[in-house]
Structures are given as structure tokens and as C-alpha cells.
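Chains A and B, in that order, give the protein sequences.
Numbering-wise (my numbering), the first sequence opens with residue 1 and increments by one.
Numbering-wise (my numbering), the second sequence opens with residue 1 and increments by one.
Don't read these hints as lab results, they were simulated from the structure.
It cannot be assumed that every hint is accurate.
[What the hints assert, rightly or not] One side only, chain B facing chain A, incomplete, derived with CB under 7 angstroms:
hint	residue
1	C42
2	G301
3	V330
4	R332
5	A339
6	D400
7	K421
8	L424
[Stated by the list, open to error] If you only want the chain A side, here are some residues facing chain B, beta carbon under 10 angstroms, derived:
hint	residue
9	E160
10	S302
11	T407
[To be verified] Straight line, CA to CA, 25 angstroms or less: simulated PhoX-like cross-link-like pairs of lysine-lysine:
hint	chain 1	residue 1	chain 2	residue 2
12	B	K365	A	K132
13	A	K266	B	K421
14	A	K421	B	K266
15	A	K447	B	K20
16	A	K365	B	K365
17	B	K295	A	K421
18	B	K269	A	K447
19	A	K446	B	K20
Quick caveat, the model's predicted, so the values are computed rather than measured.
Using N, Cα and C, we set each Cβ at its ideal position, and we do this for glycine too.
Protein chains: 2
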Amino acid sequence: MDIVIIGGVASGAKAAAKVKRLLPHANVKIYTDDTHVSYSSCGLPYYIQGNFSDYTSLLVRSPEEFKSSGIDVFLQSKVDKILPEQKDILVSVACKSELVHYDKLIIATGARPIRPEIAGINDYENIFTLRKIEDGINIREKMLNSKKAVIVGGGYIGIELLEAFSRNGVYTELFEQSSQIMPSIDYEMSEIIKNRLNSIENKNFGLHTDTVITEFIGENGVLTGVKASDGKEYECEIAVVCAGVRPNVELANEAGIEIGETGAIKVNKLMRTSIENIFACGDCAEKTHIVSGKKVWIPLGSTANKEGRCAAMNVAGIYCEFEGVLGSMVTRCLNTTIAMTGLTEKEAQKIGFKPVSVIVNKYDKVAYMPDTGEISLKVVADKITGLLLGAQAVGSIGADKRVNTVTSGLIGHLTVEEFSKNDLTYSPAYSPTIDPLLNAMQILCKKTARSC
Amino acid sequence: MDIVIIGGVASGAKAAAKVKRLLPHANVKIYTDDTHVSYSSCGLPYYIQGNFSDYTSLLVRSPEEFKSSGIDVFLQSKVDKILPEQKDILVSVACKSELVHYDKLIIATGARPIRPEIAGINDYENIFTLRKIEDGINIREKMLNSKKAVIVGGGYIGIELLEAFSRNGVYTELFEQSSQIMPSIDYEMSEIIKNRLNSIENKNFGLHTDTVITEFIGENGVLTGVKASDGKEYECEIAVVCAGVRPNVELANEAGIEIGETGAIKVNKLMRTSIENIFACGDCAEKTHIVSGKKVWIPLGSTANKEGRCAAMNVAGIYCEFEGVLGSMVTRCLNTTIAMTGLTEKEAQKIGFKPVSVIVNKYDKVAYMPDTGEISLKVVADKITGLLLGAQAVGSIGADKRVNTVTSGLIGHLTVEEFSKNDLTYSPAYSPTIDPLLNAMQILCKKTARSC
Chain A
1 MDIVIIGGVA SGAKAAAKVK RLLPHANVKI YTDDTHVSYS SCGLPYYIQG
51 NFSDYTSLLV RSPEEFKSSG IDVFLQSKVD KILPEQKDIL VSVACKSELV
101 HYDKLIIATG ARPIRPEIAG INDYENIFTL RKIEDGINIR EKMLNSKKAV
151 IVGGGYIGIE LLEAFSRNGV YTELFEQSSQ IMPSIDYEMS EIIKNRLNSI
201 ENKNFGLHTD TVITEFIGEN GVLTGVKASD GKEYECEIAV VCAGVRPNVE
251 LANEAGIEIG ETGAIKVNKL MRTSIENIFA CGDCAEKTHI VSGKKVWIPL
301 GSTANKEGRC AAMNVAGIYC EFEGVLGSMV TRCLNTTIAM TGLTEKEAQK
351 IGFKPVSVIV NKYDKVAYMP DTGEISLKVV ADKITGLLLG AQAVGSIGAD
401 KRVNTVTSGL IGHLTVEEFS KNDLTYSPAY SPTIDPLLNA MQILCKKTAR
451 SC
Chain B
1 MDIVIIGGVA SGAKAAAKVK RLLPHANVKI YTDDTHVSYS SCGLPYYIQG
51 NFSDYTSLLV RSPEEFKSSG IDVFLQSKVD KILPEQKDIL VSVACKSELV
101 HYDKLIIATG ARPIRPEIAG INDYENIFTL RKIEDGINIR EKMLNSKKAV
151 IVGGGYIGIE LLEAFSRNGV YTELFEQSSQ IMPSIDYEMS EIIKNRLNSI
201 ENKNFGLHTD TVITEFIGEN GVLTGVKASD GKEYECEIAV VCAGVRPNVE
251 LANEAGIEIG ETGAIKVNKL MRTSIENIFA CGDCAEKTHI VSGKKVWIPL
301 GSTANKEGRC AAMNVAGIYC EFEGVLGSMV TRCLNTTIAM TGLTEKEAQK
351 IGFKPVSVIV NKYDKVAYMP DTGEISLKVV ADKITGLLLG AQAVGSIGAD
401 KRVNTVTSGL IGHLTVEEFS KNDLTYSPAY SPTIDPLLNA MQILCKKTAR
451 SC
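Modelling step: build the complete structure from the supplied sequences, incorporating the hints.
Here it is, written out as C-alpha cells:
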């Protein structure tokens, strides 16, 4: 049995390893145009920051490890075509094209950074995007020789790089075209992030929302600054464009595989695409949101791993459903942890819920304890049914704990009333007597149509 | 309307404040034999440690604050009798007895430390128990003038004091009569605690399980050491007996109020006792375990607050049910966080479940990140139904996050299979790509009778 996997970062690598364990006699091959396979791209901002010195720490499994477990990895091997009728793929390796047969094909082509059409974006060597290991190596090298940086985009990667640059003493201007840092969360919560970051003493960065870069400027192919829509020019020796990603679906699309409404490859719960014997997983695949039941495209490493595992099981003939995602995420920028799960209020509204919400601002521990931090916690529920829809938290590291506590409530489709019966752990070193999450639920309960 | 509350530490103070807000015209009176009212006794070990310098930080509301909100607080006022037929209580204030009328009575008499019958236990001034603010002040003062200490009992308070003494440079021997530190958790988990604590470099303490103190020894009323069942003598200048607590139910019992099978005051979900117009809440009251449905007595400050609030609401005529507890707890000893929720395997077995369990030992973050710690996580489920029963975690601070994530799963009565669909937050700085909790659930799923 020939099992071919296109792409090998997270879901592809996971699928390969899993399917080989389940079907030891199968021929498992990974084709990727990348120079590396099986690595943690989520760790790149921390490599750039210098949290660890060797980028090889990011490698989960080396090509040699794959080889020794009987999996063939073909690096820098671009797949040009999928030919479903003959069950072949067409691969370019070193200027030579060859057909490779598959019995089962797993598409794990991932996503790629969006490069917006900004004047000069392709004219200078020191404008980067961050996706692959080389990107991380190149950005770190350039950062270490820079005094001023520009980041275009205030999502996860943008703010993670802001931390990295700031901690390395590089003065950084971050530009976000929307009116908020972290556009995926609700506006009031993003304002809290902005205020926390702006309150850092002697901060060496500037945050610009509602501002776009209109032009990259430089000399002799070397970037020297940017022009922004605020009419000003900002000097910089390095710019990183973090304007989001889009799924790599061209190969699937050309092969006649159905693309979903989100623009990613349509898959069922078994990670099967619309064409038999072809599966898709990871950042190139569409997901189902467990709370809304809607199709979404939320590309994340943790999801990619689960989908890769699930695809592998089904390829091996073991029934496995991947239920979907809650859109749970956590990240950090300097003094601020940002976490969320489920639907934001604006998403809930758009989908057709009648959302009610509450924001509480509380200490993360009992106030008399040392190192007590603050947490702002927003919880969203449906007014009519009382159903818990989501939570967002900004503040100390404890923000992450509260959001994870909500994830299980969403999986269980709990109402706010049910959730407010929760018995959370308490000790002065870990939380206030009544946890902020329960404060929030008690208030929110009164806003729903159910009595609490 | 006369509302009388006996006891004013956590649930009593909470109930008083809440009922006065709901019924501003009621006469609300708190009687307590304590010298303080409304304080965080859970914070005493951290006061002793010196995490904050002023014990008044532990006071939630002062008697003056109560007074200004129209609540009368009678300190050092022992209630001698409850007379339900005439709706009076008999109070001793400064050698004078007086009858005080109530329309509604809330019993919040709390619990008191057990003093085991050990030879010499009442003969020396420097043998303490820890419950009230004076205890904390006295222990801290004595600790600061001691080089060697003995702690009798290895539960929460015992290990919290071990941290306090150790951090203050006092060499401490801790004795636990059972075979494990933290007897409330499963044995294997307690072994992990012991190993972590014993692995601390240059540790200034000794841990003795299966060992009892047979005699306190001293001279002229001053303790100088203990004799232990290992046949050895241990010198010390201070000893703290942390041998557990028992509920203060004598007053209720004498008044004919029903005492539950656990030895605490029997209450229904509305915090009503068996006698009309009398409520009980906090550490003196029995609780229902949400997972097992059984009566339990797990005295904790967070529960006391919730019960106080619930009792107050029902006193005020607003229907409020207190569903029960999960037995969730967290504490810390030096390098080790210990958290649990739900049933342990041994409890589950005893109750009649057919428990299956798994222990995973994992990093709390992606291994390449700085300050990555380790977590040991035990999850327990019922083999037949697949129902999640409980979780215990020992290790870095991240242990607390995983246990809280499980609490909501227990409230939702999720199976392991359902829980394993969870979408937890992921970032290299916060968790591995696949969280230890999901690793554990995946393994546990296979041990249940349900396919996963």
C-alpha cells in the first residue's frame, strides 16, 4: 500500500508517523517543497527572541528519524499536480518531473503568509514574512543587527515578534490596519491589551491601529523605512509583514477537490475530501466550530496535530472522527497573556445568537499575596437559552487557566447557570476565594433569560 | 426581622453582608467567640511565611465596616445554647448571659483543629495548632526565634507550614501517620510529591511517613523535642499539630438539629437544617459531592463563601440552591503544586464505581522553552460508562490549570471520550502541542468500555 503525504510540517508529519505505526508494511512517503520537515513553526517567534539558541530544537522528528522508522521524506520536492483518476501525483525533484503512485493521499499543504500589495514590498531584501525555519533564522540574524523595526499586522505573529524585538532592544513600530490589536477578539478586550502594553515603563515600541503602510522605502535594494497612512515616515532596518495567512489549496483545487466556503479544503469529520482516497488535514483544511456548528478556518498547530492523527487513523481503516475546534488560543506579548475560546460577542452576533456578555476586572490571586496580577475576563452567552458561547481573557498568566476552564464547559454545551455551579480550585496563591470566572458567570447569569 | 448569625469567619461573614444587602431593614447580628471576624484563614500559612507583613491584610471586612453597613458584630461572645422553640440563642458576653431573639438563624460555627491524645501535648507552651489569626501571629513569632521545628501531619496545612518554615531557614521535620503526604490524594501521586520535595537541593527538612509522634518532651513547660514511633528523638523549639479538623456541631446537636452521616450538620440544597428557620453553612455543614451524589465533609474557604451567599439568599426569601462540591483543591509546597478535583481512584472504588486510571508525566510547555516544568497528571474514569470521575495533578504551577479544566467536565458529566474532543489553548509558552490532559484522556479512553 502506497501512502503519500504532501507537506510535512505539523499535520503531515504527524499523519506519516501515525499511519506508519498503524500500518507497518505500508510505503509512507512525505513530499514537501520545504527544506525542513516536522517542526514547530509556533516556536519561531521564541527562537527569534533567543529563548533557546539552536533552531534545531524546533525539529520534532528529523528526516533521519523518519527514515529509520521506514518513512521516506523528500525535501525540496514540489508537487505540481494531483491526478486522482490514475492515483498519481506529479513531483518535481531537482528539475526532473516524476509520477508517484498513491493508494491513499493526504494533503497537508498548510498555509502561507499573505503579502499585501504595498508599494515596494518586493523591492527590498530586508522585508520578511515568518512561516518557515529559514524565515526565523533570517529574521533573527537581521534583528540582531538592527536598531529599529517595523511590524505590519497586529495579530498573533505580529505581537509575538513585538515581544521578541522589544526584548532584544530593537525599537519597534507595529502597524495594524484595523482598529484593534488582535483583531480576532472583541474590541474592548483588545483595548485592554493596548492599555497594558502602553503602560510598560520605558517601552521601546509604538502601537498604531487604524494605520496601514502605504509604501516601503529604501536605497539600493535595502529597506530604510516605511510610509504610513498617518502621513508619517518611520525609519527601520527590518520589516516583518504579519498580515495573516491563507490556505494552500491550489493543488487540491486544480485536481477538482472541493474547496469549502471558507476557502480551505472541504473535509468531513473523517478528514476525507470530496475525492475518494484523498484526505486533507492541518492548515489547508476547513474546520467545524463546535459551538456554532459553522465551517471556519482557524489554522493552529494543535488542531493540525489532531487532524493529522485522525486522517492517519482513517487511512489505516480505523474509524476516527475529528469533531472540530472551539477556536481556543493563547499567546503572550510582554506583560500580557491573551487567551480565548469559543465565540466572541461579535461572532455570536453575526451567526444569529442574541449574545449577552460581561467583563470583570479582578486580581488573579488573593490581593495580599505577592506577585498578584490582574485579569480582565469577558464571558459571552446566548440570552435566550443561557448557553455559554465563549470566553476571552487578558492579563497575567492566570488568564490562560480561566479560558481553559471554559473550554470543557463549551464541549459539554453547558449553560451559564450550570457553569456557575462549578467548583474551582482555591488557595490564596492561585486564585481569589471566589474565582473571577465565577464572578463573571454569576453576573452573566442574570443577563440571560434563565433565572440563576 | 432579626437575623442572627453564629460565627463570622468566612460563610458567616459572607451571609451577614449578603443578607443585609438583600434585606436592608433587617437587624443582622453576628456572634462569635473569636477575637476577629471576616478573615481569610487560608492565608495564615502565607502570613507566617512572611509573604506579607501585616496580618490585617487577611481581614476581609472589619467590625467597623460591618457596623457602618448596619450589621452588629459581637466578638468574644460565646453562644451557649440555641433554643429553637422560643427562637432565642443564649449568649455569654463578659460573664453575663443573655437571650437574643432570632427570626432566622444561620449557624456558621466552622471547624476546629483536632488535638490528638499524644503524651505531653498539653504540657508545653510552644505546641500550636493553626486556625485563627492569633494562632498565625503566635506561630510566626515563635518560628522567627526557632532553628528547628516539628510539624505533626502532612495534609494541606502541614505542607504549607513546611514551606513557610523552610523558606524562613527553620529546619523542619514533618511527621505523617499514614503512608503518604497529602492523604486525600491517591498514593502514587503522593509519592511524586515526596520525590519532588526530597529532590530539592540542600533541603532543610525531613519527611517521615508511617510515623507518629509518641511524646512531646520538654522542660519547665517549654518544648524541646518529640519522640517518634521510629524510635528516634527529634529536637525542636516549635511544634505545630496539623492533624486535621472537625466540624463544630455541638451547639446544633444539643438544640436537636440533625447531624449528618459525615458528622457535620445536615442541610438541604437551600442550606436549611432539620429545624425550621435555622440554616447552616460553611465548615460546620455537610456537603454533597456532585460526582458521586454522596454526602461528604470537605471544609474549604471557597465553598464556605458560596454556601454563606446561598444561605443568605434563602433567608431573604430568594430561592437559591447550592448544588455541592467537586472536592476541588489546590495547594503548594515549595517547588510543587498539588491540585485535584472529583473523586480519587480509591474513593471511586469505595463508592462502587469500577475505576480505570492513567498517570502521564509530561512537560508543562514545549520542551525547548525556558522554565519548562514537569507535570504528573492522573485522570480517573468509570470503566463501564466512560464517565470522567476526577483528576489529580502534581508538579509545576501548570498542574492547577489542568485540574480546573477538568472541573467543568465534571460539572457537565462528560465521558472521557467527550472530554478528549476538547480544544485546549496552545502556544509553546503555555503548553505542549498536545496538552498532557489530552494525552491522558486519549490513553484513558482505551481503558474504558467505550471505543474512542
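Hint by hint, here is what the structure shows:
Evaluation of the B/C42 hint against chain A yields a held restraint, the C-beta minimum of about 5 angstroms falling below 7 angstroms. Residue-level restraint check for B/G301 holds (minimum Cβ-Cβ distance to chain A is 6 angstroms; threshold 7 angstroms). Among the interface hints, the one on B/V330 holds; its C-beta lies about 4 angstroms from the nearest C-beta in chain A, closer than the 7 angstroms criterion. At its closest, the beta carbon of B/R332 sits 5 angstroms from a beta carbon of chain A; the interface hint therefore holds under the 7 angstroms criterion.
Hint status for B/A339: holds, given a least beta-carbon distance of 5 angstroms to chain A, under 7 angstroms. At its closest, the beta carbon of B/D400 sits 5 angstroms from a beta carbon of chain A; the interface hint therefore holds under the 7 angstroms criterion. Using the Cβ-Cβ criterion of 7 angstroms, the hint placing B/K421 at the interface with chain A is satisfied: the shortest such distance is roughly 4 angstroms. Below 7 angstroms, beta-carbon pairs count as interface contacts, and B/L424 has one with chain A at about 6 angstroms; its hint therefore holds.
With its C-beta approaching chain B no nearer than about 8 angstroms, A/E160 sits inside the 10 angstroms limit, and its interface hint holds. Interface restraint check for A/S302: the shortest CB-CB distance to chain B comes to about 4 angstroms, inside 10 angstroms, so the restraint holds. For A/T407, the shortest C-beta to C-beta distance to chain B is roughly 6 angstroms, which falls under 10 angstroms, so the interface hint holds. For the given pair, B/K365 sits about 21 angstroms from A/K132 by alpha-carbon distance, which is consistent with the 25 angstroms threshold.
The suggested pairing of A/K266 with B/K421 holds, with an alpha-carbon distance near 20 angstroms, which does not exceed 25 angstroms. Between A/K421 and B/K266 the alpha-carbon distance is near 20 angstroms, which keeps this suggested pair within the 25 angstroms criterion. A distance of roughly 23 angstroms separates the Cα atoms of A/K447 and B/K20; the hinted pair therefore holds under the 25 angstroms criterion. For a cut-off of 25 angstroms, the pair hint linking A/K365 to B/K365 stands: about 22 angstroms separates their Cα positions.
Restraint check for B/K295 and A/K421: the C-alpha separation of about 17 angstroms stays at or below 25 angstroms, so the hint holds. Of the pairs offered as hints, the one joining B/K269 and A/K447 holds, with about 24 angstroms between alpha carbons and a cut-off of 25 angstroms not exceeded. At roughly 20 angstroms between alpha-carbon atoms, A/K446 and B/K20 fall within 25 angstroms of each other, so this suggested pair holds.
Hint check: no violations occur; every hint is consistent with the structure.
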